[in-house]
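Q: Sequence:
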Amino acid sequence: MTNEAIQEGGSSIHFASFSSHNSNFRYTYNKVREVKSYRVGELFAAYRDILWDDGRHKYNVSSFIGEIDEILLGERFSAFDQNTLDNLIGILRQRGNSNATINRKMAALSKLLRKAHKMGDIHSLPEFRRQKERAGRIRFLERDEEARLFAAIKSRSEDAYRLSVFLVDTGCRLGEALGLIWNDIQEHRVSFWITKSGRSRTIPMTERVKEVIKLPPNTEGRRPKGPFTKLTQAQYRAIWNDAKTEVGLGADKQVVPHILRHTCASRLVQGGIDIRRVQMWLGHQTLSMTMRYAHLATNDLDGCVVVLEKPRGDEASSRSAEGSVFASPLTTPTSVSSSRKEKKPAAAKAPRKRSKRE
1 MTNEAIQEGG SSIHFASFSS HNSNFRYTYN KVREVKSYRV GELFAAYRDI LWDDGRHKYN
61 VSSFIGEIDE ILLGERFSAF DQNTLDNLIG ILRQRGNSNA TINRKMAALS KLLRKAHKMG
121 DIHSLPEFRR QKERAGRIRF LERDEEARLF AAIKSRSEDA YRLSVFLVDT GCRLGEALGL
181 IWNDIQEHRV SFWITKSGRS RTIPMTERVK EVIKLPPNTE GRRPKGPFTK LTQAQYRAIW
241 NDAKTEVGLG ADKQVVPHIL RHTCASRLVQ GGIDIRRVQM WLGHQTLSMT MRYAHLATND
301 LDGCVVVLEK PRGDEASSRS AEGSVFASPL TTPTSVSSSR KEKKPAAAKA PRKRSKRE
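Going by the working numbering, the sequence shown opens with residue 1, and the numbers climb by one from there.
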């Protein structure tokens with residue numbers, strides 16, 4: 001390359017060419033960008049509509065990012081280092097956040113920072129490690145609790161009562177039920193298209209669900225868009241909280257509308273429905289989410305009691321082994337009498353060789 005070509009390109013040149021008699025090479029250099037710094041809130045404002053759909057989840061993420069920005073004191077950064085992340089997690093834990101809550105907040109932050117890094121806004125990312133979560137006890141409603149709670153809800157709102165019955169018998173999420181339109185209900189089945197996992201599912205309806213999706217007779221106004229579109233989440237939660245206080249469940253923090261989904265799953269598992277079908281019914285993205293209810297399927301372990309309680313003694317043990325649900329041809333002893341009756345087949349005689357004389 002000549003000096004004139006170098007001078008002509010100057011400092012702003014993005015590529016250079018080298019020519020010879022036998023080859024022609026082109027070298028491309030990345031464009032140098034100015035390093036800028038951003039607040040977490042500024043990154044969220046830039047990418048929230050790209051990364052998250054409108055809805056309750058986006059509202060929760062907005063709250064998470066706002067809290068993180070407040071903890072960081074609005075600090076601007078061009079690289080989010082590991083020390084900053086560790087300090088952030090420590091402060092959240094000091095504020096009483098459980099590991100499950102911290103994981104949800106860090107998932108939102110990680111998604112935002114990965115997008116910013118991909119777009120070149122920040123030039124390094126920390127390692128996000130999932131905090132170990134405790135399984136915890138799953139609370140579900142007993143039949144008598146459901147009856148008392150639903151009666152209190154019905155006395156306040158017929159629409160809220162119909163929705164409650166629908167939630168406990170379908171196991172769907174509150175947002176999925178409120179988003180239903182009439183076209184989603186066909187004969188004996190209901191389809192959920194707007195779901196948390198983004199995957200639609202269709203399930204059959206119980207008899208009482210078929211009844212509650214019918215609107216009560218009302219001659220005023222036009223027909224609503226769906227069976228539960230007259231209610232909002234805020235309205236339903238307010239009715240729920242008043243009703244649960246009336247029936248003496250006000251102090252139980254786990255008695256929230258989502259408990260109806262847990263109740264449905266628990267009843268399916270306790271009724272002998274296998275975990276895979278329960279996963280399909282609830283619309284869980286992974287089987288591990290449904291396995292939280294697997295401990296309720298205790299019928300499969302009843303055979304263990306038979307083995308542990310078998311009487312002592314050879315004769316009794318033999319009878320117990322033969323009657324056990326775990327008995328197999330390899331472990332069940334055969335009776336002596338039957339073995340004696342079995343005769344071994346006689347060995348076939350080898351053919352006699354003919355002599356030369358014959």
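Derived by calculation from the structure, the hints in this document are not laboratory data. This structure is a prediction, so every number in the text was calculated from the model and none was measured. Among the clues, some could well be false.
Here are the simulated distance ranges between beta carbons [unchecked claim]: (1) Tyr59 with Thr229: 16 to 24 Å; (2) Asp53 with Arg276: 26 to 34 Å; (3) Gly248 with Asn83: 24 to 32 Å.
Only pairs whose alpha carbons sit at most 25 Å apart, straight line, appear in this in silico DSS-like list of lysine-lysine [said to hold, decoys possible]: (4) Lys118 with Lys132; (5) Lys132 with Lys210; (6) Lys253 with Lys225; (7) Lys118 with Lys36; (8) Lys214 with Lys132; (9) Lys111 with Lys132; (10) Lys196 with Lys230; (11) Lys105 with Lys118; (12) Lys154 with Lys225; (13) Lys154 with Lys230; (14) Lys230 with Lys214; (15) Lys253 with Lys132; (16) Lys105 with Lys58; (17) Lys230 with Lys58; (18) Lys196 with Lys111; (19) Lys154 with Lys253; (20) Lys196 with Lys154; (21) Lys132 with Lys36; (22) Lys105 with Lys230; (23) Lys225 with Lys214; (24) Lys214 with Lys105; (25) Lys118 with Lys210; (26) Lys154 with Lys214; (27) Lys58 with Lys118.
By construction, the Cβ of each residue, glycine as well, lies at the ideal position given by its N, Cα and C atoms.
Q: Does each hint hold? Answer for all of them.
A: Hints, verified against the model:
1. Tyr59 with Thr229: 16 to 24 Å: Roughly 19 Å apart at Cβ, these two residues keep to the hinted range, so it holds.
2. Asp53 with Arg276: 26 to 34 Å: 29 Å, holds
3. Gly248 with Asn83: 24 to 32 Å: 49 Å, violated
4. Lys118 with Lys132: 28 Å, violated
5. Lys132 with Lys210: Given pair Lys132, Lys210 is violated - Cα atoms ~42 Å apart, limit 25 Å.
6. Lys253 with Lys225: 33 Å, violated
7. Lys118 with Lys36: 15 Å, holds
8. Lys214 with Lys132: Roughly 45 Å between the alpha carbons, so the hint for Lys214 and Lys132 is violated.
9. Lys111 with Lys132: 19 Å, holds
10. Lys196 with Lys230: 22 Å, holds
11. Lys105 with Lys118: 20 Å, holds
12. Lys154 with Lys225: 22 Å, holds
13. Lys154 with Lys230: It holds: about 15 Å lies between the C-alpha atoms, which stays within 25 Å.
14. Lys230 with Lys214: 13 Å, holds
15. Lys253 with Lys132: 22 Å, holds
16. Lys105 with Lys58: 12 Å, holds
17. Lys230 with Lys58: Given pair Lys230, Lys58 holds - Cα atoms ~23 Å apart, limit 25 Å.
18. Lys196 with Lys111: It holds: about 17 Å lies between the C-alpha atoms, which stays within 25 Å.
19. Lys154 with Lys253: 21 Å, holds
20. Lys196 with Lys154: 28 Å, violated
21. Lys132 with Lys36: 35 Å, violated
22. Lys105 with Lys230: 32 Å, violated
23. Lys225 with Lys214: 13 Å, holds
24. Lys214 with Lys105: 40 Å, violated
25. Lys118 with Lys210: 49 Å, violated
26. Lys154 with Lys214: Holds, because 15 Å separates the two Cα atoms, which is no more than 25 Å.
27. Lys58 with Lys118: 21 Å, holds
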